[in-house]
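**Q** Okay, here's what each chain looks like letter by letter:
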Amino acid sequence: MWSPDKYWFLAAVFIYGLSAFYTVFLWRRGFRKDDWVTYGLLAAGFACHFTAMIQRGLSLNRCPIDNLYEATAFFMWALVGTYLVVGLWPRLRFIGAFASPLLFCIGVFALFPGLDPAGEGPRYVNGPVSLHAALILLGYGAFGVASIAAVMYLTQEHNLKFRKTLAIQSLLPSIQRLEMVNTRLLFAGLALLTSGLAMAPLIIGGRSPLEVYSDAKFLWSVFVWFMYGTLVLMHWRRQLNGHRLAWGSAGAFVFVMLTFWGTNLLSGLHQ
Amino acid sequence: MSVVVIGLNHRTSPVTVRERFAFAESEIPDVLGRMRQAGFLEEAVILSTCNRVELYAAGPLAPEELLGHLRSFLLRDRKFEGELSHELFTHGETACLEHLFKVASGLDSMLLGETEILGQLKQAYDVALQHQYTGKFLNKAFQRAFNVAKQIRTETNIQRGSVSVASAAVELAEKIFDRLQDKKVLVIGAGDTSEKTARALLSRGAHSVLVSNRSHERAVTLAESLGGRAIPFDDWSGEFSNVDILISSTSAPHYVIDRKRLAPLMPARGGRPLLMIDIAVPRDIEPEINFVENVFLYNIDDLQAIADDYMKQRLVDVSRCEAIIREKAASLFGRPPGSLATSPEQQPARAS
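For the record, the sequence lines run as chains Z and C. The first sequence begins at 1 in our numbering and counts up by one. The second sequence begins at 1 in our numbering and counts up by one.
The following block holds chain C by itself, in its conformation from the complex (with noise of 0.2 Å):
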């Protein structure tokens, strides 16, 4: 017996050839069982999402006869005549079992240790088990691949912390903040930045978001995507004692905010801390504010630099993840690698 996979991800094509491979959720029913009429294998999975669409597979075969197989399924299914070299890549035995275990840890993934794919692997894995398209090889694969990532989760960094720069902010906030449910958020100038920012603050439970932008229009727009309220550019200053949070990213050339600006504000605020976070460059908010007690000034590049930092701890443990992965591939079936023939006995019943 063979386990195998063949696809296209991230890493081996762009999204204009993704794009003609990948499946909507609900044909993938119909071509698992048009692939098991066709008769070369008895077992599949397949996993299709934004950066992969893969097909996993058992069947009698010898891998490369079963790969040869699925990669004329795949190109006449999806009806693609134009020419592929290097896009598809194929993985037989033990190579595929490290490749589907790296995917579920979110090694695979475009973000390091992103934790996304592994929920989409389970969703992909359920609809095959649903319409009982797995069996003895892949159910055993997929069950040990969830654990794997789980192991991988709880004894490595691989999965830790913020690696972009709203998720970041969100962290300083909870380290300055015992919880974010009652904490307000302003945010100044309505950039790209500062709306990710405010939304991961609002998912996180911040209690509510106010806009101030110079067009008041674009601030209305921004305030109501995030169930906030718009204020006038110029009266932000009148809400600076109710918040705790404070975004700002506009493309002024100047500081919007500086510490003569801020020293009369702070009194109202009864000594509660002001996490100030500006996005803007040039920056809106001048540096010295950042000695003024209990505010902290955080500008893109610190936030940057944290993200950073977690980014190269996750790199620091992909070697410790590859030898889990490595150790648990090669003792997934009791056998060395190349060696999955199925005994008698082990031949799953083909449903049809």
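One chain only, chain Z, in its complex shape (with noise of 0.2 Å):
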């Protein structure tokens, strides 16, 4: 039996496979007219995902970010909102067509069974601990919209030098905008993620230090900083291009999704 907060989650994700299906059509008619159907099933889906959170960490008396489910919710709902923000200018809000797919499967994965056991009474968790997991998990969901504005600038790219139509006649950003966009979220995610990493000497706690360095998920966060930075360093350097730093970008974030909850599962610390 699920907790009623689950059944809000249910709603959002449902929402967003909605989104996915309108995806569909917008791309048959080749992205032509402003998005506010996207942008409003998002919004719609975020307030059912918002309050799934709120009513999961009213009743556990904590930042419900404790275990997989928990933490895939949380890091969704930095996408999506991640998203709203960045949807407000018109000629992003494209970026929700392309989010909703990505946003429909995640969430799906998020409810597969044992993922959330049960059985945790209301407990405080120290603010440092939540708030260490918060700034990751937001970090991730800017990583996340910046692989997005990645997968329309090397579609629009490639649209572009092969003189399709789509190109021209769709209302996708222009390709400089879209680097910017991915550049400046790499960067925002980065400041994120750096920041909630800093936060990690403060919750160790009495582990010994070679616990702490032979942690699966330590290891994996230490490189995942590693190839961030060095992304936005090199992009900042002027030895990556546009082109390159979407590649980057995008492979970056699928190196996340595929790994990010193995790892978790391999962590001792994170268990």
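What the hints contain is simulated information worked out from the structure, not anything from laboratory work. Keep in mind that a hint or two might mislead.
[Claimed, not checked] Below, in silico cross-link-like pairs of lysine to any residue (SDA-like), each with a Cα-Cα straight-line distance of 20 Å or less:
1) Z:K161 x C:R283
2) Z:K164 x C:R160
3) Z:K164 x C:N290
4) C:K312 x Z:R28
5) C:K312 x Z:R163
6) Z:K164 x C:E293
7) C:K79 x C:G68
8) Z:K33 x C:F73
9) Z:K161 x C:N294
10) Z:K161 x C:E293
Given the structure is predicted, the values throughout are model-derived calculations rather than measurements.
Fit chain to chain and form the complex, with the hints in mind.
**A** In structure tokens:
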């Protein structure tokens, strides 16, 4: 039997699914009309999603990022929240169309049985732990939207290179604008990730350094930080043009998506 | 009360005839005054542009009679003594309103869907309104025409997109660059289409233009007319690192820019995108260049294909526009076509 907040989350995933379905029509029509429908659907999904998280947080008396389901839901929340801000600019609103299928897939994954073990009662986890996890997951949300902007960049660049009508007639942003969005979100994500990781020494407690440094999640996080840091640094030093940055951003996020849950399960500290 | 139009346009008559009937803007109020003094109408608007001369009128006579008077007046006023057969067109009643709405929406224009005519129509109406040559009928008809034009612009694709090579190039640039305000344009070869394209880019805010041509004098002349700077033909590659949009239209029989020449110039650009527009025939730029990262190469056929595609979309929407126009024209005076008779209380006052 699910808790009530899970039904709100289910409703959110259903709405993200509707938005993903609507994306098919937008794609067929060539992204030619200002897209308030996707924005509205994702905003409605976000409202349900937020309600689910608030309910869960109040019922457990803590920030709901303690297991894989909660971490995934928090990450999705950060991703949609970032989009809702970025999508206020009309030309960037189509990011939602690219984000919807991703949100739907991650949402379905989060609902898999076993990711949200029952039986945990109300408890209060200290603030730094919650803040550490929240900052890192917000950072992944920014990386997620950056990767969507990167996919849009590559799509638009491909269409322009091969002189497809869609490149001209769609309302997608210019490739320079998409490169700028990608860069800024990577920078914001890196700043959030860095802040979150910087809090780690505060929450280690009495654990031995060996236990920390050999933890799979710790090693993975450091690797991810270096990966994104290298991307941002190389772009800043003009060693990585928009095309390569887009591939880097999209590739890095695919890596995060494929390994995030696995390293969580391998980590003793994060279980 | 009848509402009619008589006139000639680019479809019915050549420019040699149209120019004989054209009205200078300054003489229109006097002509409207003479028409009203002649006594056969009460309201009139004259639209005179390079592609059309049209007289819209409302009066108490039957449409055929009113059109007959208008025709005689027009020929007399313009002192035209030649033979006219199909050059003059006439529309009475609802067909007149449909014609007016089509003109306002750009459906009757030489370039389908162009918007300049709406401004010209508003200006023609303002002249008549200011001099009190319009009344209840033409005010209503013209106001509705402006509303219909707005509705058609928002609800259909008739005015969407670029239908010329120059404007297609601008639209393309806007899909690559975030803004054109800080972008530099280099024109190689001082041809007519390259000049138009450069002008179109400047009109959308492009920062500056450099012109390079084998004949330096021509380059200087074009650069001066564009407010840019001329550079020697052999030195354009020196400016390449600062350029964002390159337009080439030389008459060279071989490629002026090939991949071998371009490759060493690219690193200095710092990864900025480059739009290359090859308007020349035979082509100036080697097609292989499109495979270079951050370079987007379009030739004249590519741009024409974009313009043609937009034109096809506009043509597809013509029937939708006509349906809107028919509905709005039929409902304008709340009566079926052919029954625009005026009741005594609707009789507009005659100013004279």
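**Q** Evaluate each hint against the coordinates.
**A** A quick look at each hint next to the structure:
1. Z:K161 x C:R283: holds, 18 Å
2. Z:K164 x C:R160: Roughly 18 Å between the alpha carbons, so the hint for K164 (chain Z) and R160 (chain C) holds.
3. Z:K164 x C:N290: holds, 14 Å
4. C:K312 x Z:R28: holds, 18 Å
5. C:K312 x Z:R163: holds, 17 Å
6. Z:K164 x C:E293: The hint holds at about 17 Å.
7. C:K79 x C:G68: holds, 16 Å
8. Z:K33 x C:F73: Violated, because 49 Å separates the two Cα atoms, which is more than 20 Å.
9. Z:K161 x C:N294: holds, 9 Å
10. Z:K161 x C:E293: Given that 20 Å is the threshold and the Cα spacing comes to 10 Å, the pair holds.
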